[in-house]
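Residues per chain, in single letters:
Protein chains: 2
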Amino acid sequence: MCDNTSLQQEITNLKYNEDGLIPAIAQQHDTGEVLMMAWMNESSIKESLQTGRVCYWSRSRQKYWRKGEESGQIQYLNSMHFDCDNDTILLQVNQIGPACHTGRKTCFYKLVKDDEVTIDSKPLIDPKDLYKK
Amino acid sequence: MCDNTSLQQEITNLKYNEDGLIPAIAQQHDTGEVLMMAWMNESSIKESLQTGRVCYWSRSRQKYWRKGEESGQIQYLNSMHFDCDNDTILLQVNQIGPACHTGRKTCFYKLVKDDEVTIDSKPLIDPKDLYKK
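Chains as they are written, first to last, in this note's numbering: chain B, 1 to 133; chain H, 1 to 133.
Isolated chain B, as found in the complex (with noise of 0.2 Å):
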């Protein structure tokens, strides 16, 4: 993949911040469960259809983070959208074990009910099990 100059072309085109980064929604492909939101730039898109493992960049750590190289918890991509307006992607992806590195299979489990923010999920793994590999 990305051996074809108009989905170059495409990518490129894509609307980046002004830090040349773009928002990625992470979706389980059967389940459709929202997993996790981070920011991926031109080369971490490419490198994720060419390699069919999701990278993203981290800001916080300012480096590329190929989701499940320190955890084990790899994220193959199945497949992606642009939105209408270019400025957002929606990976479905594979995810194998938990997104969140609290853990739980995903990001979202503080659900706003009644006034307060309640925690709906489980973590499938004691975090501290997840990054000693």
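By construction, these hints were calculated from the structure, which means they are not laboratory data. Among these hints, one or two may not hold up.
Since the list gives no way to pick out one identical chain from another, each pair is judged satisfied if it fits inside one copy or across any two copies.
Once the Cα atoms are required to be at most 35 Å apart in a straight line, the calculated DSBU-like pairs of lysine-lysine come out as [as the list claims (entries may be wrong)]:
1) Lys-15 / Lys-128
2) Lys-113 / Lys-46
3) Lys-110 / Lys-128
4) Lys-122 / Lys-46
5) Lys-63 / Lys-15
6) Lys-63 / Lys-122
Mind docking chain H on chain B? Use the hints.
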């Protein structure tokens, strides 16, 4: 909703960007389809919880964007989640008609496939008919 001090505090403590905005993903509550991503500020989050209808902040128009106000394609709020690090919101919604200004249910209709970007969904409504109301 939002009369509760602890919830108010949780909303205030979300990580907004330098413009006071936080990204919000809208997902159709029953099908799991990811519809769009837009931006909210503290007031639009509170208004959405109070009214049960999703209100964003439009960056291009620099004003509140009560989804469906002009098109009639209202987004009713089913649930709201914050993510692990409080910098993204997931809205599960009941989207009346299309979410996208092109008349499609979802804004994510540009599929990267076989080295090309192809269109993988059709408009439900002719976009010319969307903004007549």
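| query | If you check each hint against the structure, which ones fail? | reply | Result: no hint breaks.
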